[in-house]
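Peer 1: Sequence:
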Amino acid sequence: CSSDLSAGWRPGVREAEERLAALLAAPVPPRPAAAALELTEGVISPGGYREAVARGVREIEAGTLTKLVLARDAVVTGAIDVPQVLRTLTEQYRDCWTYSVGGLVGSTPEMLVKVDGDTARARVLAGTLDRDGAPSGADGADHAHRHLVEDLKQRHEHRLAVDSLTERLLPFTTALEAPDEPFVLELPNVWHLATDVTARLVGADGARRTGPGALALTEVLHPTAAVCGTPRDTAAALIHRLEAEDHGLDRGLYAGPVGWLDGNGNGEFGIALRGAVVEDEHTVRLYAGCGIVAASDPAAELAETSAKMRPMLQALGLRAGAVPSELSPPAGPGRARR
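Remember, this note's numbering sits 168 above the position in the sequence shown when you count from 1.
None of these hints come from the bench; they were simulated from the model. All values reported here derive from a predicted model rather than from experimental measurement. Be careful, since some hints might not be right.
[Claimed, not checked] Cβ-Cβ distance ranges computed for the label pairs, FRET-style:
id: 1; residue 1: G270; residue 2: D249; range: 14 to 20 Å
id: 2; residue 1: D249; residue 2: R226; range: 39 to 45 Å
id: 3; residue 1: H311; residue 2: T342; range: 38 to 44 Å
id: 4; residue 1: A222; residue 2: A302; range: 40 to 46 Å
id: 5; residue 1: P303; residue 2: E186; range: 41 to 47 Å
id: 6; residue 1: G301; residue 2: R182; range: 47 to 53 Å
id: 7; residue 1: A384; residue 2: E447; range: 30 to 36 Å
id: 8; residue 1: A462; residue 2: W428; range: 35 to 41 Å
id: 9; residue 1: E335; residue 2: G431; range: 26 to 32 Å
id: 10; residue 1: R400; residue 2: A204; range: 39 to 45 Å
id: 11; residue 1: E447; residue 2: T342; range: 41 to 47 Å
id: 12; residue 1: A462; residue 2: R289; range: 30 to 36 Å
id: 13; residue 1: A204; residue 2: A412; range: 17 to 23 Å
Note that the Cβ used here is the ideal one computed from N, Cα and C, for glycine as well.
Start from the sequences, fold in the hints, and give me the full structure.
Peer 2: Now the structure itself:
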């Protein structure tokens, strides 16, 4: 009986696979002209962001906390083609995970946790260098090594993020591997310091699981120091004050976990970065943030947020040169994300 059922649905599966392959192979349709799109500042202006970073640095210098992640927003209005945006991100950011859920779209380079049987994996990113105007090839690799791997501020920021994740993951493991030396992840827009963490989970024996699955570990790990700070609760309270209370910024789904899981507890959850919230068919709100430590410079952190917004802006159809740190103010009063 089961073989008869299989024979019945297999042609439908083949047809669906053929249609999907044809869609993926089809040429990308022409996008709306860049002139039809307008980029304006969000509820946190560039100047407001610099001041927030400066205040965060003062709190760190006072010993209140060791790291803080502050975000800002920007708004694009015009002809928004979300399927085309997703296709562009998928094609251009092959080392990232492209996502679309609940009006949240983007392509994240950071895997919060992936669980497959008795193994958990994570990719921690902290420490960023803009590739715009930087050398390419071997000279670019040397440039990235010099300004990331050999930079004490970048290494300190990265170590805080790695320690945050491994300390929370460790109680659920029988073995955990996190290399002492990060590697440089090269993306089209930036370089990142990256560390891949691998762990064997307690209570897992091959496909059988009695311990935590992907969803439970996501709850334990989120938010990491890469999107919040350390100590976590202190950083979260300061983020609320500097972003929400001072400027009315609602992060919403930004920097939250996004992914999938199956009935056995396996799954993947990335961190919703390098993305935007589709507010309506003509408006998207972009978000980007930076890790703030004692050595952070407000102007440099502002420029880094612009570099992190670049993938989404270009996928929307704005040319590379139209992604400045200083954006045009909105025509009317700023409004927070719905």
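Peer 1: Hint by hint, note whether the structure agrees.
Peer 2: Do the hints match the structure? See the list:
no.: 1; hint: G270 with D249: 14 to 20 Å; in the structure: holds, 18 Å
no.: 2; hint: D249 with R226: 39 to 45 Å; in the structure: holds, 43 Å
no.: 3; hint: H311 with T342: 38 to 44 Å; in the structure: holds, 40 Å
no.: 4; hint: A222 with A302: 40 to 46 Å; in the structure: violated, 26 Å
no.: 5; hint: P303 with E186: 41 to 47 Å; in the structure: holds, 44 Å
no.: 6; hint: G301 with R182: 47 to 53 Å; in the structure: holds, 49 Å
no.: 7; hint: A384 with E447: 30 to 36 Å; in the structure: holds, 32 Å
no.: 8; hint: A462 with W428: 35 to 41 Å; in the structure: holds, 38 Å
no.: 9; hint: E335 with G431: 26 to 32 Å; in the structure: holds, 30 Å
no.: 10; hint: R400 with A204: 39 to 45 Å; in the structure: holds, 42 Å
no.: 11; hint: E447 with T342: 41 to 47 Å; in the structure: holds, 45 Å
no.: 12; hint: A462 with R289: 30 to 36 Å; in the structure: holds, 31 Å
no.: 13; hint: A204 with A412: 17 to 23 Å; in the structure: violated, 32 Å
When held up to the earlier numbered hints, the structure conflicts with 4, 13 and fits the remainder.
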